[in-house]
Amino acid sequence: MSQLYYRKTDNSSYRDRIPLRIVRAESELSALERAYLGAVEKGDYASVKQALEEAEIYFRININCIDPLGRTALLIAIENENLEIIELLLSFNVYVGDALLHAIRKEVVGAVELLLNHKKPRGEKQVPPILLDKQFSDFTPDITPIILAAHTNNYEIIKLLVQRGVSIPQPHAVRCNCMECVSSSDVDGLRHSRSRLNIYKALSSPSLIALSSEDPFLTAFQLSWELKELSTVENEFKSEYEELSHMCKQFAKDLLDQTRSSRELEIILNYRDDINPLLDENSNDLARLKLAIKYCQKEFVAQPNCQQLLASRWYDEFPGWRRRHWAAKLVTCFLIGLLFPLLSIFYLISPKSRYGLFIRKPFIKFICHTASYLTFLFLLFLASQHIAAAERDFQGPPPTTVEWIILPWVLGFIWTEIKQMWDSGFQEYIDDWWNLMDFIMNSLYLATIALKFVAHVKYSGCKPRDSWDMWHPTLVAEALFAIANIFSSLRLICLFTANSHLGPLQISLGRMLLDILKFLFIYCLVLLAFANGLNQLYFYYVTREKDCQGIRCNVQNNAFTTLFETLQSLFWSVFGLISLYVTNVKPDHQFTEFVGTTMFGTYNVISLVVLLNMLIAMMNNSYQHIADHADIEWKFARTKLWMSYFEEGGTLPSPFNIIPSPKSVYYLIGWIKTYLFRRPSIKRLDTFETLGRRAAENVRLNHEYQEVLRNLVKRYVAAMIRDAKTAEGLTEENFKELKQDISSFRYEVLGMMKGKSHGRASKVAGSTLAYPGNPFKYSPKLLTDEPEQKLDVFDVITTTLHSGAANTTRSVCSDRLANGSVVPSSTGQIQNELPRDVSDAGSLQRQSRLPSQRCDEIFSLSEEDSLGSSGQNQEQLQTEKLIVDVLQKVENSLMENEHSCKEHIKEVKNGPKKYKN
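Here the sequence shown is numbered in the working numbering, starting from 30 and rising by one per residue.
Treat the hints with caution; some may be incorrect.
[Claimed, not checked] With a Cα cut of at most 20 Å, we get these calculated PhoX-like pairs of lysine-lysine: (1) K448 x K743; (2) K754 x K135; (3) K448 x K692; (4) K669 x K319; (5) K257 x K358; (6) K267 x K257; (7) K487 x K448; (8) K743 x K188; (9) K319 x K390; (10) K135 x K257; (11) K319 x K743; (12) K669 x K327; (13) K702 x K692; (14) K390 x K188; (15) K743 x K754; (16) K319 x K135; (17) K358 x K319; (18) K754 x K188; (19) K448 x K492; (20) K188 x K257; (21) K257 x K323; (22) K390 x K135; (23) K381 x K692; (24) K230 x K188; (25) K323 x K754; (26) K327 x K702; (27) K669 x K323.
[Stated by the list, open to error] So the derived label-pair ranges between C-beta atoms look like this: (28) C491 x N583: 30 to 36 Å; (29) V639 x E55: 40 to 46 Å; (30) R204 x T627: 45 to 51 Å; (31) T591 x P493: 27 to 33 Å; (32) E676 x S290: 24 to 30 Å; (33) N650 x S453: 31 to 37 Å.
Please keep in mind that the hints were generated in silico from the structure rather than gathered at the bench. Cβ coordinates follow ideal geometry from the N, Cα and C atoms, glycine included.
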């Protein structure tokens, strides 16, 4: 068929054919080199050893030759995880190159250990220049062994390298302007960015953090935060940095999962890394949990063990709270809320009393503050309903009774915000959006109070409200007070976080507000564009209406005559409140009306059909994100709310917090004596004793923390290795490894049996690999003879099937056999056996050249044939045939199992064949 297809007439040309040739041709391997690499591939130990020995004498084989895939013999042995051949190649000082990196990438721990212990040759062993070129390497220059090991996250390999004293370069900041960063970025910006990414990928390895970090939790927190910042700066690698940041967060959470008792959990969560012996700090304040909230470690905070500890502290006075009926809970909260004025008075009089300590409990403090805020909202409702009688036309009215009652609450709120800003710092204060809302709300109330005071002082008497100026202080104060009431009511949403049903909705609402802000940027651009065009078109068609002008009239007019009016018209048209007749003009200018109507319609299509639907999709995406992570998001938000009540101070709710307590007076007097009069108090006299006691306590806490960390890391590593083995399962790689082991054992037994069958007549080992056409063979000869031993066929087969690996089988066989010599063969037999890559050498003892061997005897073929033919034994030939047949059946069965496994994997991915269309 091919001849008919390519047959042409005499007049046909070859211009319609594309001649093909190899453009990037490489040097071909010789037959001996292909046989040498094939023996390494199949695990034929004896043939590889003889090839290496003969290469040192005859130099016909380059032991560092490269196959078409760019692999040397050492890399092939590493891929097949054949440690015996790797050790053999290293004993002959083959070129190592990037073999250590390949072994790390394949996660062959034994090969990594052999390569680390291998000493590179010096003197006459020079590396080929082509192998030094980084263009022929699979790894970039910035990839070091420890970085690659950290990428694979192999704990054993990382431990081997760390024990050798390796190090990782410290990555510079993204905006670093040092000479090194500037020059590296100018020379090759891509390599500079990739190098930083590789370093951070290594530093975020859980195994490396667990092994080399003194405080794995702190390292994971800081690294995840830094990676999150990098993802916002380097947008090109945003997904990679976000994935690394999530991996660090997950590591901290998994490490906390290993805690087994409340004591271990408290030691971890209460540990401080910045202990100051000069300050009397509380060692039970959940400092590590506060740090996790600061670094936004949501997985760590929402971890069940952590939440259980927080819940036990939150319901300290009510141990069985969660098991109570909802009606009993409601009644209890209602009664405590009604008693919050009495509890506050008890705390003011005696903070250390029973009731004074009762109100300091986090849950009781939360109920009292909530009851106080609900009372404030009730007073606002009374003020808005004008319960107290007031003169409507009075320009500067005095405050009503309800307003006088509201004033202490406002002052209490302002004092609370001042104390919070002082304790936490300005930066941390503004990071919380609720604090910004409180600041706006308090500012509006202060502005309202100031304007009412100005109106009361400046204006007196009554005057009809219709004749007041637009910017009259009383009118502005009323407007600001109305806006402040809205903010005060919405502030109650923050308390929804404590509820498991309303909490996720409140979080979703917050994320939707961010989406609305993003949407407004695009919408404002579209709004300004069309407003400018419509105003330019209708500017000359302004009408003078007598009764009312603008779009808020019963008959809308002058919708586009001014820019401000145009903006209002376009905005309200989104809600369908603008009629189409506003595009008409009184003169008969139909073209102008057509253009105006088209512009107005185009705006509505863009704003309603495109932008509004885009906003809906964004908000739906935000809600779905919260719904997918509802448990983590809600628990993190609830923990932030709880931690605000765990803090010392801020016990009394408004308005009782503005009343000076005896404790506050005592602290004020002490501060005045210390900082104003500079008189050292009696407490300063025992400084040495106090510092010594605190230092000893800090050492004890640090020792306990390190002891718990050591146990957690051990459990984490064991769980990680166990999960990796469980998740690995049976893969195609396992079948390849088992096939390689059986192939290696097969060639080993073949060489062993051939050497055993002719052991009586010959004590020399011949090679079929070095010189196939030479009538002489170079053969090492043993000086002593060793007794023969029988080979137990069933023991060999049983060992192979049970172990599944060549190492165990080789050790069993080598224990049962002595050194045997090689069967000499004729020239024709040598050339027939060369393509099979089966060596005739049969020594199973893994030694290099023995000192008892003599390497200076050469025999002719006729002498070797006479020596070999005298040792034939029928029983040993039958045994050899039986072993070869059994191994062939095992290998065929293994191939069938591999094929069935592949078919099963395909069915899992694509579905059974009978269900396919």
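Hints and how they fare:
1. This hinted pair does not check out: K448 and K743 have alpha carbons roughly 44 Å apart, beyond 20 Å.
2. Distance check on the hinted pair: K754 and K135 sit about 16 Å apart at the alpha-carbon level, within 20 Å; holds.
3. A threshold of 20 Å between alpha carbons decides the hint, and for K448 with K692 the separation of about 16 Å falls inside it, so the pair holds.
4. Distance restraint check for K669 and K319: the Cα-Cα separation of roughly 9 Å lies within the 20 Å cut-off, and the hinted pair is therefore satisfied.
5. With a C-alpha separation of about 42 Å, the suggested pairing of K257 with K358 is violated against the 20 Å cut-off.
6. A distance of roughly 9 Å separates the Cα atoms of K267 and K257; the hinted pair therefore holds under the 20 Å criterion.
7. Restraint check: the Cα-Cα separation between K487 and K448 comes to about 34 Å, which exceeds 20 Å; the hinted pair is violated.
8. The hinted pair formed by K743 and K188 meets the criterion: a straight-line CA distance of about 13 Å does not exceed 20 Å.
9. Under the criterion of a C-alpha separation no larger than 20 Å, the hint pairing K319 with K390 is consistent with the structure, at around 19 Å.
10. Among the hinted pairs, K135 with K257 is inconsistent with the structure: their alpha-carbon atoms are about 30 Å apart, more than 20 Å.
11. A hinted pair counts as satisfied when its Cα atoms are at most 20 Å apart, and K319 with K743 does not qualify at roughly 26 Å.
12. As the CA atoms of K669 and K327 are separated by approximately 11 Å, the hinted pair is consistent with the 20 Å bound.
13. Proposed proximity of K702 and K692 is supported: the alpha carbons are some 16 Å apart, at most 20 Å.
14. Pair hint K390 plus K188 does not hold up; C-alpha atoms about 47 Å apart against a cutoff of 20 Å.
15. A distance of roughly 17 Å separates the Cα atoms of K743 and K754; the hinted pair therefore holds under the 20 Å criterion.
16. Between K319 and K135 the alpha-carbon distance is near 41 Å, which puts this suggested pair outside the 20 Å criterion.
17. Annotation: proposed proximity of K358 to K319 is violated, straight-line Cα distance about 29 Å (limit 20 Å).
18. A threshold of 20 Å between alpha carbons decides the hint, and for K754 with K188 the separation of about 19 Å falls inside it, so the pair holds.
19. With a C-alpha separation of about 43 Å, the suggested pair K448 and K492 falls outside the 20 Å cut-off, and the hint is violated.
20. The hinted pair formed by K188 and K257 fails the criterion: a straight-line CA distance of about 28 Å is larger than 20 Å.
21. Simply put, K257 and K323 have alpha-carbon atoms about 13 Å apart, close enough for the 20 Å limit, and the pair holds.
22. Restraint check for K390 and K135: not satisfied, since their Cα atoms lie roughly 57 Å apart, outside the 20 Å limit.
23. This hinted pair checks out: K381 and K692 have alpha carbons roughly 10 Å apart, not beyond 20 Å.
24. Using a Cα cut-off of 20 Å, the hinted pair K230 and K188 holds, with the two alpha carbons roughly 17 Å apart.
25. For the hint linking K323 to K754, the alpha-carbon distance of about 36 Å lies beyond 20 Å, and the restraint is violated.
26. In summary, the hint linking K327 to K702 is not supported, as the alpha carbons are separated by about 45 Å, beyond the 20 Å threshold.
27. A C-alpha spacing of about 10 Å is found between K669 and K323, which places the hinted pair at or below 20 Å, so the restraint holds.
28. Separation of C491 from N583 is about 33 Å and conforms to the stated range, judged on CB atoms against 30 to 36 Å.
29. Our hint of 40 to 46 Å for V639 and E55 is violated, since their Cβ atoms are close to 57 Å apart.
30. For the pair R204 and T627, the supplied restraint of 45 to 51 Å holds, since their beta-carbon distance comes to about 49 Å.
31. Distance hint for T591 and P493: a CB-CB separation of about 30 Å, consistent with the stated range 27 to 33 Å.
32. The supplied range of 24 to 30 Å is met by E676 and S290, whose beta-carbon atoms lie about 26 Å from each other.
33. For N650 paired with S453, a C-beta distance near 33 Å keeps the hint of 31 to 37 Å intact.
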